[in-house]
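Residue numbers (numbering that gives the first Met the number 0), protein chains in the order written: chain L, 0 to 305; chain Y, 0 to 305; chain E, 0 to 258; chain A, 0 to 258.
Any given hint might turn out to be false.
Claimed, not checked - In silico lysine-lysine, DSSO-like type, Cα no more than 30 Å apart, as pairs:
# : chain 1 : residue 1 : chain 2 : residue 2
1 : A       : K127      : L       : K254
2 : L       : K135      : Y       : K135
3 : A       : K127      : L       : K86
Derived by calculation from the structure, the hints in this document are not laboratory data.
As the structure is a prediction and not an experimental result, all values here were calculated from the model.
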Amino acid sequence: MTMREAVSSFVHDGDTVSLEGFTHLIPTAAGHEIIRQGRRDLTVVRMTADIVVDQMLAAGCVSRLVSSFVGNSSAGSLGELRRRVEKADPEPLVFEEYSHYGMICRYLAGAQRLPFYPLRSYGGSDLPSVNDGLRKVTSPYPGPDGEPEQVYVVPPVNPDVTIIHAQRADRSGNTQIWGLTGVQAEAVYAADKAVVVVEEIVEDEVVRSDPNRTVIPSHAVDAVVACPRGAHPSFAQGYYDRDNAFYRAWSGISKDPATLQEWLKEWVYGTADHAEYVSKLGEEFWDSLAVGEAMSLPVNYGRRLG
Amino acid sequence: MTMREAVSSFVHDGDTVSLEGFTHLIPTAAGHEIIRQGRRDLTVVRMTADIVVDQMLAAGCVSRLVSSFVGNSSAGSLGELRRRVEKADPEPLVFEEYSHYGMICRYLAGAQRLPFYPLRSYGGSDLPSVNDGLRKVTSPYPGPDGEPEQVYVVPPVNPDVTIIHAQRADRSGNTQIWGLTGVQAEAVYAADKAVVVVEEIVEDEVVRSDPNRTVIPSHAVDAVVACPRGAHPSFAQGYYDRDNAFYRAWSGISKDPATLQEWLKEWVYGTADHAEYVSKLGEEFWDSLAVGEAMSLPVNYGRRLG
Amino acid sequence: MTDSTTTTDVTSSELLAVVASRELAARRTVFAGIGLPTLAASLAHLTVAPQLEIVYESGVCGAHPSHLPETIADAVLITGAEAVLSMPALFGYVLQGGHIDVGFLGAAQIDKWGNLNTSVIGDWDAPKVRLPGSGGAVEVMANSREVFVVMRRHDPRSFTEELDFCTTPGPDRAREEGLRPLGTGVTRVITELGILARAGVGEELTLVAVHPGVTVDQVRANTGWDLAVADTVETVRPPSPDELRLLREDVDPDRVYLR
Amino acid sequence: MTDSTTTTDVTSSELLAVVASRELAARRTVFAGIGLPTLAASLAHLTVAPQLEIVYESGVCGAHPSHLPETIADAVLITGAEAVLSMPALFGYVLQGGHIDVGFLGAAQIDKWGNLNTSVIGDWDAPKVRLPGSGGAVEVMANSREVFVVMRRHDPRSFTEELDFCTTPGPDRAREEGLRPLGTGVTRVITELGILARAGVGEELTLVAVHPGVTVDQVRANTGWDLAVADTVETVRPPSPDELRLLREDVDPDRVYLR
Numbered sequence: 000m001t002m003r004e005a006v007s008s009f010v011h012d013g014d015t016v017s018l019e020g021f022t023h024l025i026p027t028a029a030g031h032e033i034i035r036q037g038r039r040d041l042t043v044v045r046m047t048a049d050i051v052v053d054q055m056l057a058a059g060c061v062s063r064l065v066s067s068f069v070g071n072s073s074a075g076s077l078g079e080l081r082r083r084v085e086k087a088d089p090e091p092l093v094f095e096e097y098s099h100y101g102m103i104c105r106y107l108a109g110a111q112r113l114p115f116y117p118l119r120s121y122g123g124s125d126l127p128s129v130n131d132g133l134r135k136v137t138s139p140y141p142g143p144d145g146e147p148e149q150v151y152v153v154p155p156v157n158p159d160v161t162i163i164h165a166q167r168a169d170r171s172g173n174t175q176i177w178g179l180t181g182v183q184a185e186a187v188y189a190a191d192k193a194v195v196v197v198e199e200i201v202e203d204e205v206v207r208s209d210p211n212r213t214v215i216p217s218h219a220v221d222a223v224v225a226c227p228r229g230a231h232p233s234f235a236q237g238y239y240d241r242d243n244a245f246y247r248a249w250s251g252i253s254k255d256p257a258t259l260q261e262w263l264k265e266w267v268y269g270t271a272d273h274a275e276y277v278s279k280l281g282e283e284f285w286d287s288l289a290v291g292e293a294m295s296l297p298v299n300y301g302r303r304l305g
Numbered sequence: 000m001t002m003r004e005a006v007s008s009f010v011h012d013g014d015t016v017s018l019e020g021f022t023h024l025i026p027t028a029a030g031h032e033i034i035r036q037g038r039r040d041l042t043v044v045r046m047t048a049d050i051v052v053d054q055m056l057a058a059g060c061v062s063r064l065v066s067s068f069v070g071n072s073s074a075g076s077l078g079e080l081r082r083r084v085e086k087a088d089p090e091p092l093v094f095e096e097y098s099h100y101g102m103i104c105r106y107l108a109g110a111q112r113l114p115f116y117p118l119r120s121y122g123g124s125d126l127p128s129v130n131d132g133l134r135k136v137t138s139p140y141p142g143p144d145g146e147p148e149q150v151y152v153v154p155p156v157n158p159d160v161t162i163i164h165a166q167r168a169d170r171s172g173n174t175q176i177w178g179l180t181g182v183q184a185e186a187v188y189a190a191d192k193a194v195v196v197v198e199e200i201v202e203d204e205v206v207r208s209d210p211n212r213t214v215i216p217s218h219a220v221d222a223v224v225a226c227p228r229g230a231h232p233s234f235a236q237g238y239y240d241r242d243n244a245f246y247r248a249w250s251g252i253s254k255d256p257a258t259l260q261e262w263l264k265e266w267v268y269g270t271a272d273h274a275e276y277v278s279k280l281g282e283e284f285w286d287s288l289a290v291g292e293a294m295s296l297p298v299n300y301g302r303r304l305g
Numbered sequence: 000m001t002d003s004t005t006t007t008d009v010t011s012s013e014l015l016a017v018v019a020s021r022e023l024a025a026r027r028t029v030f031a032g033i034g035l036p037t038l039a040a041s042l043a044h045l046t047v048a049p050q051l052e053i054v055y056e057s058g059v060c061g062a063h064p065s066h067l068p069e070t071i072a073d074a075v076l077i078t079g080a081e082a083v084l085s086m087p088a089l090f091g092y093v094l095q096g097g098h099i100d101v102g103f104l105g106a107a108q109i110d111k112w113g114n115l116n117t118s119v120i121g122d123w124d125a126p127k128v129r130l131p132g133s134g135g136a137v138e139v140m141a142n143s144r145e146v147f148v149v150m151r152r153h154d155p156r157s158f159t160e161e162l163d164f165c166t167t168p169g170p171d172r173a174r175e176e177g178l179r180p181l182g183t184g185v186t187r188v189i190t191e192l193g194i195l196a197r198a199g200v201g202e203e204l205t206l207v208a209v210h211p212g213v214t215v216d217q218v219r220a221n222t223g224w225d226l227a228v229a230d231t232v233e234t235v236r237p238p239s240p241d242e243l244r245l246l247r248e249d250v251d252p253d254r255v256y257l258r
Numbered sequence: 000m001t002d003s004t005t006t007t008d009v010t011s012s013e014l015l016a017v018v019a020s021r022e023l024a025a026r027r028t029v030f031a032g033i034g035l036p037t038l039a040a041s042l043a044h045l046t047v048a049p050q051l052e053i054v055y056e057s058g059v060c061g062a063h064p065s066h067l068p069e070t071i072a073d074a075v076l077i078t079g080a081e082a083v084l085s086m087p088a089l090f091g092y093v094l095q096g097g098h099i100d101v102g103f104l105g106a107a108q109i110d111k112w113g114n115l116n117t118s119v120i121g122d123w124d125a126p127k128v129r130l131p132g133s134g135g136a137v138e139v140m141a142n143s144r145e146v147f148v149v150m151r152r153h154d155p156r157s158f159t160e161e162l163d164f165c166t167t168p169g170p171d172r173a174r175e176e177g178l179r180p181l182g183t184g185v186t187r188v189i190t191e192l193g194i195l196a197r198a199g200v201g202e203e204l205t206l207v208a209v210h211p212g213v214t215v216d217q218v219r220a221n222t223g224w225d226l227a228v229a230d231t232v233e234t235v236r237p238p239s240p241d242e243l244r245l246l247r248e249d250v251d252p253d254r255v256y257l258r
């Protein structure tokens, strides 16, 4: 399936869309295609709302954001997000604020079809005063001191669609990730539909030579999209490195709305698809992000003799 | 550390001991050493209480069992366990009965230091009537029909020590498992102390060539014991196959208490350690369980250039 | 068991496997134990359900075994599989997450609502026979869209009005307690005498088919409750030569289970 | 910042990194973000805490990077690491499970109990400045045995009597609500002026040391609450030539952070 088809089939106006990938394997190309197709009124669920979210906000795709970190990693600010939150400029943004583990637990509850998930966070925090999702449950077992014990819980999140980026999958969707695997499996299992974008689609034999590397089995995947370098400016372990210069540049680009819109016009609206974006960046650029080899040592899965 | 030292240091009379490994990588050699050292009054926590548990029961090590399946896989019965439960012969056994996911959730709660863990099981079951650990919590969020929703929960289990078997670890305890990984990581993290028994201790570089293969990091491990073939009669993926004949034989051996005690005398008390047990079985025997090669294809973790 | 010419050389295992395989038509995911369920699922994969993925309790998804597996965790299931999941992922995300269309279960006792006992014969506290217990059966029942039960023995002790102990409740019992499991519970019980079926919550198991040569009265006599019988009781189509050939030559050529 | 001869050529980053590294003596596991915490932990590994394992929020345990990492998820942290965990395992088993001795945090605002604000300046609903929010800070505070805070800026707006918003509560606030977090909360605050310390629940942050050339009055004037001062205020030992050499030549030779 092409990215165009996947977004057109699985992302609709008003949907709740989870985009996951913690620094590693951020599904940027999918975010750009959502922008190209002009989706509106999306609820975006993403632990670390960073550049791709700022871009989707600037393109007017997003009316609600559920997140635990809204910043341009350690490289600076998200200009559009701050304008939306601080000044409702050009329009308000509904923001649901969690902590990282709160978000993780929402995915865990969603993936396990649980009504809530308990965690040892939030006691004494002001977050529950601004987020009605953070509630408490009394344990039916006595606490360490013999007294009743309370614990905070978060509600499940069940996105209409989760989109993740991965290194590779087979045709049927068995997805392999190495390096940071983040919360991708949980985000996929929590969703009604799941789209996996990969650096490459590989032969069945490649996946089956190492079934423990499969983070997401095919039964949880609705579409596989081959989109090399689709995680730029983030990185794909073993494929290309992070574009730190672009992260540093984004604070400047996003600070001025006109500059940001100009950027979108040139790099998103102005490219037909991610392949064009990639070739527009140029070979020399990609060479600067190239990585060398550090191969894993193979393990023996064993073969029954006779 | 030798197995003798590990059991002597980390397993004490009256302890709660978790032994995990679901069909694959069952820590049999550790169970045998517990028998040799004559531990008493143990609470054994194990999802599938099978041959090694029957042997520990017969040796008088165990006064309480927490489990979700008490049987000799599909090969037959556990004679000693049935005598203990059905006739308190030669002494009673306290039995806490769960389902598989109930046990898994107890480990999950234990590993995450949670007061309870919710699951969608047990509604309408007679198990809560015989197991006070199975309780209910009302979700603080409305159910799908807008009404309050109840869900069963299980309490955490925090064993004094968890012992698992794995294919390999480095000297500091970074443990790699492939094939079925079961609930080993959760059982280790839930425990106060953890002993990892491995087929082989490998060089740091082997482990570090593939960090995603590390199921348990060293900070969670208190002792690493090298004990090749220590999972017999279960199997170690890529090392040796399952001894199905012994599983089939166990129903007969365990049916008669005298035969069972004779077996223990010959194979456990009569061997100084697992190395002797292994050599007593003989090379021809081990050849019959040998496996061929089916190597995983390596992946590239990447190396920064320049 | 029957004296029909077509099936004289068909063993009870073969018959149950073939009949169960047909019920898997067009299903996508099946949670199967070893033995008859594996045979049935493997045969269905070759016949009525080419897209079928067998998920094993041990964590294996999309197995491509070189030999017929002897346990649900057999090493041959792992080598060459599409995915191997941890047990928290398998039980939490796949099963409780609602990804299983059909779960296969067995039991020592079943009642008319499809509730199962695999814990004890007699009192739980001092049982006459201690059985293995739930394993994952409680979860398979609560979370699969539907459940098929294969019972080798069809007699009044196994098909009982009152279970000695309810290990694995169907949704009717769960709903009485105010809980709402995902699935419909047991929808098919396949036995040496015929097939009982049940469409959903609130319905009893009903005899819908008998094997050739078996009478409705025979089934009622061997059932420990007053068995409901469908208006039209079909006769089970005997295993076809094609089904038997695939089962014997492709699925279990070494006759590990086809005894 | 100070006019001591020994430290004239020492940058603020170097000073904070060296001082923080000393506090890690004999610690086993540290949960560290990128920047100063990574520098401090890396230096401690070479000096006072050879057994120290740095655990990164991204899931990396036991990293052996070929280059100084630029983010907590830098590819060089993964290649050659001892373990890479999923985020549920990292946050659930490692952090909430109680395996972290020291967590490092930063903040826009801190109060005398060590509660932190990283969410907003102004009202949460209509903030003057929207900050990044918690990230994992709420969890690091609730579950680490103790927490070190490094604050570059020591002024009354950052060290405030009343937080604009409490994103990350220390255990005192949690206990007021009846919850009992594992750790003691903030035990050290390391700033450009000196070191504040706090032994446990119920205690205020107290000035225990100043950098050479800094007076107690200076620190009080730059703190937004009536700062408690220890009976004996130590003078922080300036970075030694050895510490500076290791930091500059081994830890950050490319001066990624040592600006």
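Results of checking the hints against the structure:
1. Using a Cα cut-off of 30 Å, the hinted pair K127 of chain A and K254 of chain L holds, with the two alpha carbons roughly 16 Å apart.
2. At roughly 15 Å between alpha-carbon atoms, K135 of chain L and K135 of chain Y fall within 30 Å of each other, so this suggested pair holds.
3. For the hint pairing K127 of chain A with K86 of chain L, the CA-to-CA distance comes to about 9 Å; that is within 30 Å, so the pair holds.
Consistency note: the structure conflicts with none of the earlier hints.
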